[in-house]
Structures are given as structure tokens and as C-alpha cells.
Amino acid sequence: MINRNIREPKQKRSIEKKNKIIRAGFELLCEKGYHNTNTAQIAKRAGVSTGIIYNYFIDKRDIFIAVWDYFATNMSNAIFSVLQTLPTDFDLEETITKIIDNIVLAHLSTPKAQEEFSAMSYQDSDIAEYIINYEENLIEMLTQVLASHGYHFTHPHEKLHIVYDMVENYCHEYLYHKHSCIDYTIMKAIVTKTIVDILK
Numbered sequence: 001m002i003n004r005n006i007r008e009p010k011q012k013r014s015i016e017k018k019n020k021i022i023r024a025g026f027e028l029l030c031e032k033g034y035h036n037t038n039t040a041q042i043a044k045r046a047g048v049s050t051g052i053i054y055n056y057f058i059d060k061r062d063i064f065i066a067v068w069d070y071f072a073t074n075m076s077n078a079i080f081s082v083l084q085t086l087p088t089d090f091d092l093e094e095t096i097t098k099i100i101d102n103i104v105l106a107h108l109s110t111p112k113a114q115e116e117f118s119a120m121s122y123q124d125s126d127i128a129e130y131i132i133n134y135e136e137n138l139i140e141m142l143t144q145v146l147a148s149h150g151y152h153f154t155h156p157h158e159k160l161h162i163v164y165d166m167v168e169n170y171c172h173e174y175l176y177h178k179h180s181c182i183d184y185t186i187m188k189a190i191v192t193k194t195i196v197d198i199l200k
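No gaps in the numbering here: position 183 of the sequence shown is 183 in our numbering, and each next residue is one more.
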């Protein structure tokens, strides 16, 4: 299990400094990758001393975990920014299309980070578990939001996990693989319709 036994900042200035370090770590992760980034580089990018970093983080790996939280929050916002503003009589297909578009945009801004997180999940069992917990919490939140809008269906966790994987795979295919034989407009329409059918 990941142990992050280190003090949490309480004052606004300290919180801002910690967030600056996280953003710097995220930028360098996207630019250079995890293994080509060190704490001295993160400190320089954040405009703090290396010693300051250890007031908030145990090591580079600990920063990576915080960077994952930052990334995961952006991904969750791409979903819930749509769901939290739904009218009572919302159209499911239109809503799914908006969510997919938002997730594509979130991926588009951070393609290198996505690759690094995927690679690290295979190399570090604790990080893999951390990511799995995020996915499980996300699925649970989606289940509750859909239920609050009257969508009650059998095996919600299983179905929503399939949906989650489908959207992730579509994003990766659209953004990174780019097969010449695929019409991605048609693919998105198929993914959207399949999700609607699953959630009926």
C-alpha cells in the first residue's frame, strides 16, 4: 500500500506552493517522462528549493502520485461537468457524446502523461492499485449520479466499467493510434450507440 505519511499544508501560501510543485511535476512528466525527471528539475520548474519539496513529498514517486490525482481530477471534471448540469429531461445519447468530446479534449492536452501513467501501472503494483481505486470510485460516483436522474439498471458497476473502458479505448485509438482504415466519426457514433444500449 502507498504510505503518504507527510504533513498536509494548512495555510493558503503553503497550499499554493504544494500545488505549484504538483503542476511543475505534471508539466515535466508530460515533457520528459517519469524516469527522465528528477526532484531538482521539478523544484527549478516550480521556483522552489529542492529542500522545500521534501516538506510536502517523500520522494519523486510521491510527487507522481499527487500528479496522478491532479490528472484524475481533470478527467473526472470532464465527465461530471456535463452530468452535474443535466436538465431533468436530458437526452442520453447527446449527453454521452458531450462526455466523450470532453474526455478527448482532456486526453489531447496531456498525451504523454497518459502514456506514463499506463507504463507505471505495470511497473509499480502500488500505483496500479491507486489507479484501480480511482476507477472504482469513479464508477461508483457515476452509478449514483445516473440513479439520481432515474437511470436504474441491472449490474451497474459491471456495465459502467465496460463503458469506461470503451471510452478510454476510443480516446486512445482516436488520439494515438490513428489507423488509416478507420472513420473516427463513425467509430464515435458506434461507441455512443453501444453505450446507450448498455445503459437501457
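Everything labelled a hint here was simulated from the structure, so no lab data went into it. Please note that the accuracy of each hint is not assured.
To be verified - List time: in silico DMTMM-like cross-link candidates among lysine to aspartate or glutamate, alpha-carbon distance up to 25 Å:
#, residue 1, residue 2
1, Lys159, Glu94
2, Lys188, Glu158
3, Lys193, Glu173
4, Lys98, Glu158
Now for the hints, and whether the structure bears them out:
Our distance criterion of 25 Å between C-alpha atoms is met by Lys159 and Glu94, whose separation comes to about 19 Å. Restraint check for Lys188 and Glu158: satisfied, since their Cα atoms lie roughly 21 Å apart, inside the 25 Å limit. Note on Lys193 and Glu173: the hinted pairing holds, with a Cα-Cα distance of about 18 Å set against a maximum of 25 Å. Between Lys98 and Glu158, the direct Cα distance comes to roughly 22 Å. Compliance with the 25 Å bound is thereby established for this hinted pair.
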